[in-house]
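J.: The lines below spell out each chain.
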Amino acid sequence: MTKPLLELRQLSCERDERPLFSDLNLSCGPGEAVQILGPNGSGKTTLLRTLAGLCREYRGQILWCGEPVSRVGWDYRHNILFIGHRPGIKTALTPRENLAWYSALTDHASRDAIDTALGRAGLPGYEDIPCAQLSAGQLRRVALARLHLSRARVWILDEPFTAIDKSGVAELEALMASHTSNGGLVMLSSHQELALPGLRRVDLMDYPAKWLEPEELHNA
Amino acid sequence: MTKPLLELRQLSCERDERPLFSDLNLSCGPGEAVQILGPNGSGKTTLLRTLAGLCREYRGQILWCGEPVSRVGWDYRHNILFIGHRPGIKTALTPRENLAWYSALTDHASRDAIDTALGRAGLPGYEDIPCAQLSAGQLRRVALARLHLSRARVWILDEPFTAIDKSGVAELEALMASHTSNGGLVMLSSHQELALPGLRRVDLMDYPAKWLEPEELHNA
Amino acid sequence: MPDALAAQTPRPVFAAFLATLRRDLLLAVRLPGDMANPLVFYLIAITLIPLSLGPEREVLAPLAPGVLWVMALLATLLSLDGLFRSDFDDGSLEQLLISPQLLYFSVLAKVLAHWLVTGLPVTLLAPVLGMMLALPSEGYWALCLSLLLGTACMSLVGAMGAALTVSLRRGGLLLSLIVMPLYIPILIFGADVVQNAVLGDPIRFQLAVLGAFVTLAVALAPLAVAGALRISVDAT
Amino acid sequence: MPDALAAQTPRPVFAAFLATLRRDLLLAVRLPGDMANPLVFYLIAITLIPLSLGPEREVLAPLAPGVLWVMALLATLLSLDGLFRSDFDDGSLEQLLISPQLLYFSVLAKVLAHWLVTGLPVTLLAPVLGMMLALPSEGYWALCLSLLLGTACMSLVGAMGAALTVSLRRGGLLLSLIVMPLYIPILIFGADVVQNAVLGDPIRFQLAVLGAFVTLAVALAPLAVAGALRISVDAT
Amino acid sequence: MSNWQWFHRLGSPRWFYYKTEGWVPWLAAVSGILLVLGTVWGLAFAPPDYQQGNSYRIIYLHVPAAFLALIGYYVMAVAGAVGMIWRMKMAFVVMKSAAPIGAALTFLSLVTGAIWGKPTWGTWWEWDARITSMLILLFLYLGIMALQAAFQSRDAADKASALLALIGTVNIPIIYKSVDWWHTLHQPATLKLTSAPTIHSSMLYPLLTMILAFYIFYALVLILYTRAEILRREGRTQWVIDLVKEEAKKP
Amino acid sequence: MSFQFDSLQDFIQMSGHGPFVWACYGITFAVLVYLVFSPLVRRRRLIRQHQAWLKQMDRVREVARQA
Ligand code: HEM
Ligand SMILES: Nc1ncnc2c1ncn2[C@@H]1O[C@H](COP(=O)(O)OP(=O)(O)OP(=O)(O)O)[C@@H](O)[C@H]1O
Ligand SMILES: Nc1ncnc2c1ncn2[C@@H]1O[C@H](COP(=O)(O)OP(=O)(O)OP(=O)(O)O)[C@@H](O)[C@H]1O
Ligand SMILES: [Mg+2]
Ligand SMILES: [Mg+2]
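Residue numbers (the numbering used here), protein chains in the order written: chain V, 73 to 292; chain L, 73 to 292; chain C, 458 to 693; chain R, 458 to 693; chain H, 593 to 843; chain F, 101 to 167.
For the record, the hints were derived by calculation from the structure and aren't laboratory data. Check the hints yourself; a few may be wrong.
[Claimed, not checked] Lysine-lysine pairs mimicking BS3-like chemistry, simulated, CA-CA at most 27 Å apart:
(1) V:LYS238 <-> L:LYS238
(2) H:LYS841 <-> H:LYS611
(3) H:LYS842 <-> F:LYS155
(4) F:LYS155 <-> H:LYS837
(5) H:LYS769 <-> F:LYS155
(6) H:LYS681 <-> H:LYS611
(7) H:LYS837 <-> H:LYS681
(8) V:LYS282 <-> L:LYS238
(9) H:LYS611 <-> H:LYS842
(10) H:LYS769 <-> H:LYS611
This structure is a prediction, so every number in the text was calculated from the model and none was measured.
Starting from the given sequences, assemble the full structure and let the hints guide the process.
T.: This is the structure we're talking about:
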């Protein structure tokens, strides 16, 4: 068996000393799609930000190809793409200029590749319009266009379908399916029902937070 | 027949001189729920903001109980409740304090009523926690708690289900249904399928923008 | 039909005025950094003056009235950006605009709260800093009095600039550009009150002018602010 | 498996450095108000000085070096808040942090862009304002030279404060509080260069110290900024 | 009704564009001739001032520029007010165009004044009351331009800068009064502005010529800026499309 | 009314005030010329932009017709 790409061992997260979930074990191989579920406030965003390396308050281990991410951070960062609640788009710049910057940071895509990506993300003809003039969904699409450019193996997407219309959701699902079938891994949170082949669902309610009961604390 | 509550006549909206939709006619009576549909960038947000009186660049007429809103603005503003993309919640304050301010502006609800509303919105026990420590969905729930307090007849909601989990969506739908059955009117935009009794769907694509084609312009 | 949904009879505007005032003061208490900041800026900016000009009392004393006033002006100016910015960013400004309340009073409440957490403390701190700059003792009362009127006026006038620039990213410095010309008359008369008091000259006339400015600003500025806010929100 | 998905060999950091620099300059061009603003603040703040202290040349000339430096410092200080704020607000800062690039160079690019649109123009404008404050003609070169070094240093040092406060709402004035103590040595040496030049004293030593500050700041500040940014983003 | 027709027509960018097309050459010719005439007259044929010698010849630029800078502000503010009150978009176009022209003329009056100051007062800059007010006027202009440029939405930019211009109109008298008062209070003993209230007619006529020339020049430039701005704003309308196609046929 | 200077040299020097006077006239006329030409240049550029846009619209319509 090949090593799992991403492995979580006994992962527990907390915010401001308040535990969210505990002892999450998960091992994701290439070709998988994992949907993180849970009611509002259960810690989905916290988990995804932790995986992206943005939150560093956790207990347990995150392994990348069998190695702790802290040790292989450089390699790991080459291989992840994170899109969070805030899309990371400069509204004074055009979609093309925004993507050009991202690709200079990560994928070194050509200008043609960027235009193609924008077209495929449902924004043909909007390459040169300042992003301030786009609607909520269009703005989100600019951010998601990075998926077409990226060569990262792990996509970490926090509620990617926010503000996206129905046909957009279908396209996005197809894109994710093709990514997994190429050996990629998708981790996403969403409250919607998804129609992805081989989708695994992880409900954070199954890993309830260990409230620090007085007696436990004593032993700790 | 009674007069419709809200009537749009030949409404056309544009942003920065670019037409979005044209000649929208719609008349909504008490007890109705209207879902505005349309792909990203079609003008749903613009329409709802126009109805709320925030965008004032439109052609056509908006009538409230048969009178143009510009004439009965005061009465109209007593009767609408608008929740947009940005929830209008101060993150430094607690949910209770936030709602207290809103109710001083509009509904003059008591403190008990506010606590009940927060409980019903799915945030019991969070009354006194600063909103900065809430998750995306919880924050949205604070804003939506206003629906429990409001005595406005028209609810104008822009993608109210964003970031809300499944049980939350069901509760919200029930709330809307009870509002319409009390003679209220709900106008909302959403990309999700809703299960509201008596729901009317208005697709903005049916009122296409009049692009200024050369030949048309000639006749204009 | 629906008495549950019946339109409200408008309540006295006073309730909304008080609620907005209370909310803004509460915010200032929750984020005490914000409240202390203009004060701290004032303190540090005044401290920089002896550091760059030299510590001699004979050098500092004649400058004190002018410098104390300029820096109070800058401190107020810099606090203006926050006046409507956070309300705009989180959407509560939209709610304020569409609420069934007279915008004039809501704006007045916000400006009053702003003055209570910036102008007033700066006024109270000024004598202490005057001491540091060797301000002659005749000047203290005049300093406080002129700053009391002047900061109120600056909060009101500055609110217009803040409202015009609230929808712009990084409006902070554009705001300075817009507002400073409007502050110049206030500065001239305010600094002159202190100067004259130090020299033993009469200061009635200047104080009367400052009072007139405040009256004019209370009457007109909130209207301009309300208009500017509508424009800014429309531009989103 | 997936050659399409194979990990990249890291490209020269230079490409990312240039891309970030270009993006920030482009932003400055797109929002030309932002670029002109520190300049305009400088211009106006200097204008206020004669208005509050009186127009006499004999009063103004001795103050000119100190006042020109203090106001340049304040202009830089006020522009700092925008350095990371918008990147933080729209989420691109997170992206910068998790990108496979050395944060040192990305930060350096951002600070360089900041200096090019604030410090450099302020330096170039300073002589004109010196004229308005009746600065003796011996001071002009010293003013430019000291500001050139000083503003670079202030951009670098200020970036640390900006990074620490970026996750706080209305960080602007808290930022002043954090950064001003760090600016004091720069101010003392910078103002002294001009003062000495006006009096005909040697200025070599002070310039050397400023140069040393810049070198130190280039080497260390971006590291501190990178750390501070990680903390700020973690606190979201 | 027909009384107001011109007003409504004025509100039509297209009407304005074509109406002024014919005016441009005439205005250009007249202002050009007057400018050359006034310049030659003022530089070469007017007698030197008995006190200032030849440096006073700067007055032929300085005073017209200062005049128009002031008047330009009111042109701008009135256009802004018309736009706000009657929701006339053309007025906003005029307002936007008037700002950079006014700022340029203010700048000119400051620069010529500064250069004039060197031979007359021995210094480039002096905190004279009029000079100070002029500098503040420049700030007002710059503020309006910066605000206009900062908005991405055109309507908001128009309305916001018009509102600021109106606030400025309330403030200009206040500013002038207070600066004047401030200066009389601080009147430095070292200098006296040698203004000539009874200027000799041989010096006055070229000055009047230059003032007239600047007026006409101002009208010309305002029209040119406005026409360019109209083209930018009306780019998607048929008449501009026709015009552009027409323009393409030209070599 | 007559020419006020003895020679061209004299005219240029203006008894020592020449540099100031000529600088003023130079700067002023430079600004005036700029004021005239900048809208003209802008107009030219706008027309070119509109032409490009029209061409693009034609292309879009062509594509739509073929589809
Ligand atoms: C930066 C420097 C200066 C500025 C900004 C400036 C500004 C002005 C302004 C705004 C006016 C028009 C006033 C009005 O229409 O009521 C004016 C007029 C005039 N200025 Fe200046 N000025 C400057 C320097 C000078 C200097 C150095 C002189 C002469 C030594 C001078 C002599 C005059 C004269 C003679 C008039 C015409 C007086 C009148 O018509 O009442 N100015 N200046
Ligand atoms: N601030 C703005 N300035 C100029 N144009 C804008 C602005 N905001 C939106 N637009 C444009 O107006 C159109 C309609 O935007 P709107 O936000 O109403 O769309 P929407 O239907 O709500 O879309 P979504 O489903 O993505 O939220 C879009 O095409 C967008 O490009
Ligand atoms: N900045 C913060 N500081 C402290 N606590 C926070 C912060 N952000 C979130 N929390 C708390 O952490 C918990 C988890 O938040 P998180 O954003 O991860 O939830 P989520 O599962 O993404 O919820 P949602 O579905 O609403 O987006 C919440 O209970 C919230 O109260
Ligand atoms: Mg979340
Ligand atoms: Mg929308």
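J.: Quick one, are LYS155 (chain F) and LYS837 (chain H) close enough, alpha carbons at most 27 Å?
T.: Answer holds: LYS155 (chain F) to LYS837 (chain H) is near 10 Å, not above 27 Å.
J.: Between LYS842 (chain H) and LYS155 (chain F), does the CA-CA distance stay at or below 27 Å?
T.: This hinted pair holds, its Cα atoms lying about 17 Å apart.
J.: Would the pair LYS282 (chain V) and LYS238 (chain L) pass a check requiring their Cα atoms to be no farther apart than 27 Å?
T.: holds (25 Å)
J.: Between LYS841 (chain H) and LYS611 (chain H), does the CA-CA distance stay at or below 27 Å?
T.: holds (22 Å)
J.: If you draw a straight line from the CA of LYS769 (chain H) to the CA of LYS155 (chain F), is it 27 Å or shorter?
T.: violated (57 Å)
J.: Keeping to a limit of 27 Å between CA atoms, is the pair of LYS769 (chain H) and LYS611 (chain H) held or broken?
T.: Since the Cα atoms of LYS769 (chain H) and LYS611 (chain H) sit roughly 41 Å apart, the hinted pair is violated (cutoff 27 Å).
J.: Given the hint that LYS611 (chain H) pairs with LYS842 (chain H), does the C-alpha gap stay at or below 27 Å?
T.: holds (21 Å)
J.: Does LYS238 (chain L) lie within 27 Å of LYS238 (chain V) when you go C-alpha to C-alpha?
T.: holds (18 Å)
J.: Between the alpha carbons of LYS681 (chain H) and LYS611 (chain H), is the straight-line distance 27 Å or under?
T.: holds (17 Å)
J.: With a cut-off of 27 Å on the C-alpha distance, tell me whether LYS837 (chain H) and LYS681 (chain H) pass.
T.: It holds: about 25 Å lies between the C-alpha atoms, which stays within 27 Å.
The structure fails to meet hints 5, 10 from the earlier list, while all remaining hints are met.
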